[in-house]
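Novice: Residues per chain, in single letters:
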Amino acid sequence: MTSFRRGCLLLLAGLVLPALILPGFALTATADAAPSKPAEKHPSKEEGEYFEKRIRPILVKYCYECHAGDPKKAKSHFVLDTRDGLRKGGQSGAVIVPGNPEESPLIEAIRYEGLEMPPKEKLSDDLIDELVKWIEMGAPDPRVGKAANAKHKIDLNEARKFWAFQRPKAAHAPEVQDTTWPRSDIDRFIQAAREKEKLQPVADADRVPLIRRVTFDLTGLPPAPEEVDAFVNDNSANAFADVVDRLLASPRFGERWGRHWLDVVRYGESTGKERNIPYRYAWRYRNYVIDAFNEDKPYDRFVVEQLAGDLLQSRNAADRDRLLVATGLLAIGTKGVNTKEAEQFKYDVIDDQIDVTSRAFLGMTVACARCHDHKFDPIPTSDYYALAGIFHSTETFSGVKAGKKIASDKALLALDAKSKPAKENAKLAEAHAERQQEIAKIEAQIAELRQSQKNARKQARKKPNKGKTRPQVQPVGDMQNQKQTRDEIKKLEDRLEQLESAATPIGDFAMGVHEGSPGNSPVLNRGELKDKGPEVSRGVMSVIKTPAGNVNPKHSGRLELAHWIAAKDNPLTARVMVNRVWQHLFGQGLVASTDNFGALGDEPSHPELLDYLAVQFMNDDKWSVKKLIRSIVLSRTYQLSSEHQVDDHERDPANKYLWRMERRRLDAEEIRDALLAASGELDVARPEGSPVLELANAQLKGGKGLGEVRKASNIRSVYLPVVRGNVPEMLQVFDAADPSLIIGKRDVTTVPTQALYLLNSPFVMKQAEQLARRVLEPKGLAPEARIDTAYRLALGRLPSDRERSEITQYLNEYRKSLEEAGTKGNVSLAAWASFCQTLFASGEFRYVY
Amino acid sequence: MIQGLFNGMFSRREVLKSASCGFGFLALADLLSRASASDSGGNMLLAKAPHFTPRAKRVIFMFMGGAPSHVDTFDYKPQLAVDDGKEGGGKGKGRKLKRSPFKFTQHGQSGLWFPETLPNLAEHADELCLLNGMHTDLPAHGNATLMMHTGNFRFVRPSMGAWTLYGLGTDNTELPGFITLNGQGGGAQNYASAFLPAAYQGTPIQGTERNKSAVANIGNPKLSENLQRKQLDLLASLNRERLEKDKVNPGLEGVIESYELAFKMEGALPQIMDISGETEATQKAYGIGIKGTANFGRQCLLARRFAEAGVRFIEVGIGGWDQHRDLKAKLTTNCHSIDKPIAALLSDLKERGMLQDTLIVWGGEFGRTPGAQNSDGRDHNSTGFSMWMAGGGVKGGLRYGATDEHGVAAVEKRMHINDLHATMLYLLGLDHEKLTYQYSGRAIRLTDLGGVVAKEIVA
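Quick note, the sequences are listed as chains A and B, same order. Just so we're aligned, residue 157 is where the first sequence starts under the working numbering, counting upward by one. Just so we're aligned, residue 44 is where the second sequence starts under the working numbering, counting upward by one.
In short, the hints are calculated from the structure, not lab data. One or more of the hints may lead you astray.
[Claimed, not checked] Here are the simulated DSS-like pairs of lysine-lysine, each with C-alpha atoms no more than 25 Å apart in a straight line:
id	chain 1	residue 1	chain 2	residue 2
1	B	K139	A	K496
2	A	K496	B	K373
3	A	K972	B	K273
4	B	K91	A	K561
5	B	K139	A	K686
6	B	K456	A	K278
7	A	K583	A	K597
8	B	K498	A	K278
9	A	K647	B	K373
10	B	K477	A	K289
11	A	K289	B	K498
[What the hints assert, rightly or not] On the chain B side, residues computed to face chain A include the following (Cβ under 10 Å):
id	residue
12	P219
13	D276
14	E300
15	P313
16	G320
[What the hints assert, rightly or not] One-sided and incomplete, this derived list gives chain B residues near chain A with beta-carbon spacing under 8 Å:
id	residue
17	V125
18	Q244
19	T246
20	A259
21	I261
22	K265
23	L278
24	N292
25	G294
26	G297
27	I299
28	S301
29	G362
30	G363
31	S380
32	L492
A virtual CB, placed ideally from N, CA and C, is assigned to each residue, including glycine.
Start from the sequences, fold in the hints, and give me the full structure.
Specialist: Dropping the structure here:
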């Protein structure tokens, strides 16, 4: 698969080159430059840009394959990935004469006038012209020092100096000029940065938008009108803290924050990819995650359970089951089931496991090192295969196997504790029992036929024994018989597959992992199974040294990996999590690239604050996510209004320094749940299992057979089935996370399909009508009071006088047009429903302020 | 002032048409002071001047999901027939070359070779510019499909349709500027705008179904248009009041714009999607109403109607070209399903004088191996395959680029996907190196770092 290599080369080119032209990168600085000949002047900015834009891409694309890296190993000992190399030339001397293309052997070669380079195919005339022009210019080459692209040895000691690899330092909150403003240390950090940028914070938020904000942020639901009233009328000093504590204690909290985690770990209930087979038991992991957030499981423990729950001590059978379910993290990724070769399949699963482990917990893109040393971060390929060895020594139970078209309960983990069988289960069980009988019968038949095949072959071999020579042709009758047998077996096998793919009764199964046979993995050169390199001892990322990372050779090493990640010495774990939490509360992380803390990620906007929060999280708060969230939302910064301020906006339009609260578009789940909450139809009970349980163990063909999965329901969105490629329409329209990808930050789009959904979909219209009924229900209220109720239920606030009169007029006119048109039925309800729907469709409904 | 406009002499629709900068200009002062573009739609979609004189004004991209076998369609390989059964044909050892089961003949003045399975399209030989030297990065459907659509399979990048819209805007603000009728999978990323403003995102339309269900929720099951307009006016008014209060709120402006476009689409789309006004002869020519050609025929006819209406980028598509086995029968069916419809579209556009500025691009995500798989199939092959273009300023009757004698790998005038995209943009009057968008600290373009315009095919 050389094309794979090429892809990586392009990738590398795509990233390295522009990075080099960034002003922040010092590679063009003259200070480091060691020009070989002092006479030659340093290229001007324009010349440098010309090289970067025009020349370097050509060299990378067409020449590097043979002429980069160590000159001794390169073809003709000629490398052009460094300025020196290109100037020096190869075995036969210089290849360019700056200023004189006609004298330059390089030009001769690319014109195919002597040597023919590149050998595969002549460059296009355009490209040749570019190179000619460049040499005419004097071949300006801004590159300094060693090649950034060529194979280079990663210097771990040097790499450890990068901010993200140094342990967070406990910092004292800085001094601020305006000492009256901050309420907490968080505020002091933020205020100090603001003062430096000459920014003034806006006013504090009013209580009505504030409780709406915090209720959505913590539970994904709007506050009930009574909750708003209670808060507005609470004069105690702890009023807001009391609200926060109530929300943190609500079971709705885990449903909201569990969903954030599910985004990061690419939660989905089918294999995805070309052969999409349902994961009927993925939901157990989903519930585990939600419960973990609700019970405020310390984050370090949460990490260890998901990676190595099966290796932990358990208190009882139920606890053991929970721990097994936790390892579902490693099993729920997408799988290319039509990969026939088991070992290839295994390495692809391992790749997914390394990817999710490194990105979700560490914000590191370790999976980049599958084929070559990471180009930007200090992650050598050997690290990748050290981790691969750990997962190779692990057995993954996802219900599916390489090359198999159907899933099987046998390929899942069996749980100990018996759960209550679902109602429909009796039906499923009955059908299953019948099928089992038939399966047994067919298996016996196949065995019998196979035996007769064998006998026939033996017979055929015996017959000619007398003459000692085997007949060239078998007797025709035998051949016909054998074909018949083969056909029969094929038919039976097809039937078997059909029977086995039917939905099995809901059982005590889970997705997850347990220990396999411990062993190291070789490096696979360029990721190719056929090209095995030296074996690497199992281990963790070598740039981060903590005592926990040493693998016991008798184990897979998963437990050690988990402890290494969850160690306080690991500089990334707490920072990455703290940053995720911050992003969900402020719309933007302190490190904007939440899933990438590497060299290509963003630098922290408030590095000391990030460290402060990380240290606080690990030490004082003992990895409690709830305490972390509590301390952030109780800061004055979180409680700022979202109002606009011209001066600040001019200085800091992106609101990097938090001079105000950023408005936030509700997530897809929140929009749907808020519709149901307003209409009074929301069913907050956790459903038993998932509708995916009702699906067959076979490949999904498009949307066929998804009836159960698509059935409308009023449960919370987090419990809706997430079949890959079939995410519920409502969620998809509003940018729900793609269940195949690791998503730390969702997109926010605004497109007409959303407008059409809110205007015309039966679901929204139904909720609007329900809200209308709810509003019209109390007897003896003036229309204005009903409008108020609708506003409070949908938007959490009272309407302005202008809005109230506008809507009163609207209702009258709407009713009148319906009556004039002779519309039958409840005209008043229709008018109110139309108004209620308008509230749902309004921009304000989908934003928290 | 806006309030006055609405209560007074103009209908809402008229105002929207004339003031297509949208309600956003309430906050005009702020808009002007803002350096970066907001995430809303509106004036971003107005037609923009290209970088240089364009050959084509719009694109119809025909995506053949599953990867058609080039040696059985547009890359005639006589040597493959000669060496039938010999070892070779790509994808490791042990594969045996397999001749095409189809007869090829020459057509038109140009004498381009066509298989017997495409008799109608063959009549347009002199319009077609065959790109026989195509190659791409990976032989895996998902990745290669992304590569074809976005120029990159590793990172989330905008679709070429989104780039086109970003570069040129659209002539019809009542319709999305980028429509994909290609409902056959591949995922939203293939028509998404990624980091480009959402206004440039493709709108998926179910081309195979009847009018109303063509776009999800395009019509209201209960409300009359009149009532819905009342509702929309109330909605617009509430949103405007909120925007006044917020002063600057690009998100809310985006919401307002999205309703404008949604409402316009409700009016315009069903009309365009309703093909009952087309003559029986036209429908028949496209193969509509005939099993086997109805699906793609309808898509092609809709593509023409969208093109006429000023849609900038239209994707149509049909899948099922992944013949690992049963090549002869299945490929025959595939070819049949597109043969008449494409031929009809070419004639139709030509008659209307639109072929000259409509660029048609046909192709799958990669090609197939000349070596046999499962005796009667062919495997994936990214090292060489074929696409073709027609209209929009490309030379007709040309065979550009070539694979080796058996069709394994592109060897002559090789054209990578980046090159294809660069050429398409060039024909649209856009310089692929100048069409950039600042994202994550650098100027990103559709063609990544590659992209050489194949000037030889430009008429």
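Novice: Would you mind marking each hint as holding or not holding in the structure?
Specialist: Now the hints, each set against the structure:
no.	hint	in the structure
1	K139/B <-> K496/A	holds (21 Å)
2	K496/A <-> K373/B	holds (24 Å)
3	K972/A <-> K273/B	holds (12 Å)
4	K91/B <-> K561/A	violated (51 Å)
5	K139/B <-> K686/A	holds (22 Å)
6	K456/B <-> K278/A	holds (9 Å)
7	K583/A <-> K597/A	holds (22 Å)
8	K498/B <-> K278/A	holds (16 Å)
9	K647/A <-> K373/B	holds (23 Å)
10	K477/B <-> K289/A	holds (20 Å)
11	K289/A <-> K498/B	holds (20 Å)
12	P219	holds (7 Å)
13	D276	holds (9 Å)
14	E300	holds (8 Å)
15	P313	violated (12 Å)
16	G320	violated (24 Å)
17	V125	violated (25 Å)
18	Q244	holds (6 Å)
19	T246	holds (7 Å)
20	A259	holds (7 Å)
21	I261	holds (6 Å)
22	K265	holds (7 Å)
23	L278	holds (5 Å)
24	N292	holds (7 Å)
25	G294	holds (6 Å)
26	G297	holds (4 Å)
27	I299	holds (7 Å)
28	S301	holds (4 Å)
29	G362	violated (11 Å)
30	G363	violated (12 Å)
31	S380	violated (18 Å)
32	L492	holds (4 Å)
The structure fails hints 4, 15, 16, 17, 29, 30 and 31 (numbered hints given earlier, in ascending order).
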